[in-house]
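Starting from the structure of chain A, add chain B where the hints point.
Line order of the protein sequences matches chains A and B.
Residue 40 in the numbering used here sits at position 40 of the first sequence; the count goes up by one each step and never skips.
Residue 576 in the numbering used here sits at position 409 of the second sequence; the count goes up by one each step and never skips.
Since the hints were derived computationally from the structure, they do not count as laboratory data.
Note that the Cβ used here is the ideal one computed from N, Cα and C, for glycine as well.
Only true hints are included.
Derived Cβ-Cβ restraints for the label pairs, each shown as a range:
#1 A:147 / B:271: 35 to 43 Å
#2 A:144 / B:512: 52 to 60 Å
#3 A:50 / B:507: 46 to 54 Å
#4 B:485 / A:54: 55 to 63 Å
#5 A:145 / B:428: 24 to 32 Å
#6 A:35 / B:527: 26 to 34 Å
#7 B:511 / A:110: 57 to 65 Å
In silico negatives: residues of chain B with every beta carbon more than 12 Å from chain A:
#8 403
#9 425
#10 546
List time: in silico DSBU-like cross-link candidates among lysine-lysine, alpha-carbon distance up to 35 Å:
#11 A:152 / B:258
#12 B:229 / A:152
#13 B:511 / B:485
#14 B:376 / B:590
#15 A:6 / B:219
#16 A:6 / A:116
#17 A:38 / B:543
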Amino acid sequence: MNKTLKGKVHKYDRDNIDTDVIIPGPYLKIHDHKELAKHAMEGVDPKFPEKVSQGDFLVAGNNFGCGSSREHAPIALSQTGIRAILSPSFARIFYRNAVDGGYLLPIEIDESTVKKISDRDELEIDLAQNRITNLTKNEDYSMKPFPELIAKIVEAGGLMNYRPGSA
Amino acid sequence: MTITEKILARASGKQKLSPGDVVFAKVDKVMMHDVSGPGVIKVFSEWEKKGKKLERIWNPDKVWVTEDHFVPAADRVSAENIITLSNFTKKYGINKHFKYGLGQYGICHTLSHEEAMVLPGEVYVGGDSHTNTTGAMGAFAAGLGHTDVAYVLMNGQIWFRVPETMLFKIEGKKPDYIMAKDIILRIIGDIGTDGANYKAMQFAGDVVKNLTMEERLTLTNMTTEAGAKNGIIEPDETTYAYLRERTDAQYSPSHGDSDAEYSEVFTYEMDKMEPTIAKPFSPGNISVARELQGTELDKAYIGSCTGAKLDDLREAAKVLKGKKVKIRTEVLPAAQSIYVKALKEGLIGIFMEAGAVVGPPTCGACCGAHMGVLGKGEICISTTNRNFPGRMGHVESQTYLASPIVVAASAITGKITDPRDVKQ
Numbered sequence: 001m002n003k004t005l006k007g008k009v010h011k012y013d014r015d016n017i018d019t020d021v022i023i024p025g026p027y028l029k030i031h032d033h034k035e036l037a038k039h040a041m042e043g044v045d046p047k048f049p050e051k052v053s054q055g056d057f058l059v060a061g062n063n064f065g066c067g068s069s070r071e072h073a074p075i076a077l078s079q080t081g082i083r084a085i086l087s088p089s090f091a092r093i094f095y096r097n098a099v100d101g102g103y104l105l106p107i108e109i110d111e112s113t114v115k116k117i118s119d120r121d122e123l124e125i126d127l128a129q130n131r132i133t134n135l136t137k138n139e140d141y142s143m144k145p146f147p148e149l150i151a152k153i154v155e156a157g158g159l160m161n162y163r164p165g166s167a
Numbered sequence: 168m169t170i171t172e173k174i175l176a177r178a179s180g181k182q183k184l185s186p187g188d189v190v191f192a193k194v195d196k197v198m199m200h201d202v203s204g205p206g207v208i209k210v211f212s213e214w215e216k217k218g219k220k221l222e223r224i225w226n227p228d229k230v231w232v233t234e235d236h237f238v239p240a241a242d243r244v245s246a247e248n249i250i251t252l253s254n255f256t257k258k259y260g261i262n263k264h265f266k267y268g269l270g271q272y273g274i275c276h277t278l279s280h281e282e283a284m285v286l287p288g289e290v291y292v293g294g295d296s297h298t299n300t301t302g303a304m305g306a307f308a309a310g311l312g313h314t315d316v317a318y319v320l321m322n323g324q325i326w327f328r329v330p331e332t333m334l335f336k337i338e339g340k341k342p343d344y345i346m347a348k349d350i351i352l353r354i355i356g357d358i359g360t361d362g363a364n365y366k367a368m369q370f371a372g373d374v375v376k377n378l379t380m381e382e383r384l385t386l387t388n389m390t391t392e393a394g395a396k397n398g399i400i401e402p403d404e405t406t407y408a409y410l411r412e413r414t415d416a417q418y419s420p421s422h423g424d425s426d427a428e429y430s431e432v433f434t435y436e437m438d439k440m441e442p443t444i445a446k447p448f449s450p451g452n453i454s455v456a457r458e459l460q461g462t463e464l465d466k467a468y469i470g471s472c473t474g475a476k477l478d479d480l481r482e483a484a485k486v487l488k489g490k491k492v493k494i495r496t497e498v499l500p501a502a503q504s505i506y507v508k509a510l511k512e513g514l515i516g517i518f519m520e521a522g523a524v525v526g527p528p529t530c531g532a533c534c535g536a537h538m539g540v541l542g543k544g545e546i547c548i549s550t551t552n553r554n555f556p557g558r559m560g561h562v563e564s565q566t567y568l569a570s571p572i573v574v575a576a577s578a579i580t581g582k583i584t585d586p587r588d589v590k591q
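Just chain A, with the same shape it has in the complex:
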């Protein structure tokens, strides 16, 4: 996989962005990934899908993705072009769906780092070094390394492609 990611930030500076606002209940019957993308973040910012370009990042507050187990949430976000979400903490099912489905990277950063990053900033994320460079502000941040198994699943491109045994 690509070890260095580069993209623009879409920042929603609040905690507990839940799966009901990421992709509201009525859309759960939809299983066409491109169709889901049209409704990504509808409960927060209905214009979200138009704003995102391929490879962009979403920066948000604590407990991102809390609520339901709907895999529609990481699917919808990734289909808009979002490549990684940067947050101090993720709800557990959202985290494993994002990784196991191979949709996007849930990257844990400090709360103070969230504060330093602004909407529209350009970031470069070096996954090998666990470093984030803010190209707009010329700042450097650290990210929490992925746990061993998570790193292997990310490397494989999702759980379906991962062969257990070394876990």
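For chain B alone, kept in the frame of chain A given last:
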């Protein structure tokens, strides 16, 4: 080791496990429904597109399927999802498919205990976040997304990080008008909606010991709202008696060791517990009924896996008997079998004579999908488990979460009401 650690150790062939260990655990039962199921099936078809043949799944007898979110079929897409699900269960020989309109059916988490689909000591995973509910049976029960469920269908196992266990001891005497819902709302208010993130929430103490099986299930159901990986209660005679009425299947219960280590221990004294309510827009936004007294409402909803079990309906009926509702009120028993029992006990008649609509089991309105969603600006009091923005309808609607007793009392007055203030 705690009961959670022991179940995961047995399932992963380990002598000893500690929080933080990552294991691949063998799964005993797996569930999917009409929302997660079509997602699972899509993973299967994409796998087949890559040229991988999938003649059979790991073990069709350990898989069970429900139709609960979009039944009765909300529209053509929902109807087609049910067809897709039925074709899949037929193809792979999954016999335990609870179909809408064909005998027993209902909300997956309700069928998990009502039909004894999950037994003490088992590892149970489901394609729904409230899978945690079934941990009240003494099982390790955790929710997963559809890729993980597809993986389990193919391989019979899945990875887990062994969670730390938070122990909640509920002691004292439970006052009248207080239900398990009040207790769990209070706990979520105290620890926050991420207070148990990645952890197990275990419940014990005198009050829990004396709770009915269904009331225990209300506690574990809403561990999801605190971010927990699983909720769990040690099985005891209440559990075994409940199961004897439903199955003759054999099982091997697990129990925690006396020297088990808990990451945190919380003790709650129940004697002064008040009827508790979660205000919009978070299950952790807690207040008590008397503080919110007089808040005008548009709708009362008694439904869902956490709020329309037989005990929930019995408690609501006690309040509504001989009264009239003042706002739109809906009662949806959580499963067909519970509907039938409520009918035989005369509860359905009480609800209808009070003026409420009684509807078929469905997750529909709880997740704002269909069957009674809220309009812009409407305010609802509900026995369900979530009140995020737009959860039950329009993003500018509001939901207050409360016990069936509080919801029934509020239905009578049309305002948020402490049930202790309703004249019998």
